[in-house]
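Asker: Fit chain B to the supplied structure of chain A, relying on the hints for placement.
Chains as they are written, first to last, in this note's numbering: chain A, 791 to 1024; chain B, 46 to 291.
Hints in this document: simulated from the structure, not taken from any laboratory.
Ideal placement from N, C-alpha and C gives every residue a C-beta, glycine not left out.
Misleading hints may appear alongside valid ones.
Said to hold, decoys possible - From the structure, some residues in chain A lie toward chain B, with a derived Cβ separation under 10 Å:
#1 Asn872
#2 Pro877
#3 Glu880
#4 Ala894
#5 Arg925
#6 Met927
#7 Ser928
#8 Leu938
#9 Gly972
As the list claims (entries may be wrong) - In silico DSS-like cross-links for lysine-lysine, where the CA-CA straight-line distance does not exceed 25 Å:
#10 B:Lys205 with A:Lys944
#11 B:Lys231 with A:Lys943
#12 A:Lys943 with B:Lys199
#13 B:Lys231 with A:Lys856
What the hints assert, rightly or not - Covered stretches of chain B, as calculated for chain A (at least 3 residues, CB under 8 Å):
#14 116-128
#15 146-153
#16 203-210
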Amino acid sequence: MVIQESDNAAKKTKFQGLPREMIAMRVSREISDGMYVNLGIGIPTLVSDWIEGKDIALQAEIGMLKTGPIAYDENVNQDLINASCQPICELNGASYFDIVESFAMIRGGHIDIAVMGALQVNARGDYAGWLNPSRGMSVGNIGGSMDLCAGAKKLYIAMEHTTPKNELKIVNELSYPSTAAGKVNMIFTDLAVLEITPWGLLIKEIVAGLTLEDVQSVTEPKLIVSPDLKEIEF
Amino acid sequence: MDKVVSSVDEAIADIQDGAMIAIPGFFTCGVPRELLNALIRRGVKDLTLACGCGPLVGANDECTQLVNNGQIKKVIDSYGLSRSASKGMQDTFELAVRDGKIELEVFPMGTLAEKYRAGGAGIPAFYTPTGVGTVVEDCVVSSIKTKREKKETKVINGQKYILEYALRPDFAFIHAAVGDREGNLKYAKTARNFNHVMATAAKVTIAEIENLVEAGELPPDDVQTPGVYVHKVVKVPRPTFSIGIK
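One chain only, chain A, in its complex shape (with noise of 0.2 Å):
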């Protein structure tokens, strides 16, 4: 395994990776037939658009198993919406169910996947999505992701590597409130596929133009590279 050294201090170049539709295709490909699965809002709802032809069902906390696609002009019913609040419709074999029952099933750990957002992630699988400080209030919206945290078998982390102004967002201590602790799987990113290992971060697929030091350089923790080291496949 090789150890790359990260140099924060120096100034950092602002990468251009994969746009927001393709991290969430690279995310589908982890999802098999016959899965339970959870998506938050941002990038985790693209994921949604590339599981067609998949034997899934998508978990809505509001209260539903196999929502349906986006739902427009007749089909929009007020009594049917996901948990980001827009109209959807309903599969063949959805249910509904009350929110106790929702979250018995996120928190018994029913759900096989959860993909989330991120503002910071660690290297010990914490990460932090719920209240950015810059708000400047001591309370945010919580929603569902700390009971998906503690009780889905899988936790992804789809979101970009750095923030627009090129802050790291994958880093060495959380400087934001933490959304769970140690319980992040995998982050998919526009520029990299990793993995949270016992001993670090492990690097498993790279962006097509891009190098190890590349994304080293806009990765504060240090990056443990996989023997299979890859571009990113779709």
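Answerer: Same frame as chain A, but now just chain B:
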């Protein structure tokens, strides 16, 4: 048992200053808007509104009036603020929270759901894994400077859990698609969300119903909230509103 009252105003006539009222709904979906409007007309103050997932974000007009009337003392929710910080800075409710005029206390959504379930089921408290290792172990409240308090935790089989207490509101406002005179209720699709559990949790449950039917017309197999939990029912028109939140 005929629990029908003639108007939403009559239905909430017992509510006094200082009451805690459970407000179900998930953003715009399943919110008891007619009862909220009656609450505005009634004008009672110092209210604690115990929510689940942003019904006051979804019913923004009603929320703004309640804030402007100075009726709300505290809101409990998992998602009580606008999604966007910049929109939040123009939101009447958020500004009142920032000014310290209204206290906002935040819990994870599943923890809130279970607090209501426990309240309705005679369980005083419960241990949950949700929020372990986060500030939820303390508490998340807008008045944190004066009200910081560490929650109890316990290690069970090597895992840490947080002790959370049951919530038992004085009243619950419920919105149901169908209900009969005896208070048996049925909800539409994702509009069920917090409605059932809040009906069980409150001391007095008041249900607004789009389609009020005679006892026997709602098939017993279809009843989602048995009438034992419901004290008053009132017919309301089906609400229309635009979906989506800021």
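Asker: Min Cβ distance, methionine 927 of chain A to chain B: is it shorter than 10 Å?
Answerer: 7 Å, holds
Asker: Using Cβ atoms only, decide whether glycine 972 of chain A comes closer than 10 Å to chain B, and label the hint accordingly.
Answerer: Holds: closest Cβ of chain B sits about 7 Å from glycine 972 of chain A, inside 10 Å.
Asker: Holds or violated: is the Cβ of arginine 925 of chain A closer than 10 Å to a Cβ in chain B?
Answerer: 5 Å, holds
Asker: Hold the hint about alanine 894 of chain A up to the distance rule: shortest CB distance to chain B must be less than 10 Å.
Answerer: Since the shortest Cβ distance to chain B is 8 Å, the answer is holds.
Asker: Given the hinted pair lysine 943 of chain A and lysine 199 of chain B, is their Cα-Cα distance within 25 Å?
Answerer: The given pair, whose Cα atoms are some 22 Å apart, holds under the 25 Å limit.
Asker: Could you check if asparagine 872 of chain A really has its C-beta closer than 10 Å to a C-beta on chain B?
Answerer: 8 Å, holds
Asker: For the hint on serine 928 of chain A, does the least C-beta distance to chain B fall short of 10 Å?
Answerer: It holds, given that the least Cβ distance between serine 928 of chain A and chain B is near 4 Å, below 10 Å.
Asker: Identify whether the interface hint at leucine 938 of chain A stands, where standing means a beta carbon of chain B within less than 10 Å of its own.
Answerer: 9 Å, holds
Asker: Within a Cα-Cα threshold of 25 Å, do lysine 231 of chain B and lysine 943 of chain A meet the stated pairing?
Answerer: 33 Å, violated
Asker: Please count how many residues of the stretch 146-153 of chain B have a CB within 8 Å of a CB from chain A and say whether that reaches 3.
Answerer: holds (count 5)
Asker: Is lysine 205 of chain B within 25 Å of lysine 944 of chain A, Cα to Cα?
Answerer: Holds, at roughly 19 Å.
Asker: Holds or violated: is there a CB of chain B closer than 10 Å to the CB of glutamate 880 of chain A?
Answerer: Hint holds; glutamate 880 of chain A Cβ to chain B Cβ min 8 Å, cut 10 Å.
Comparing the model with each numbered hint stated earlier shows that hints 11, 16 do not hold.
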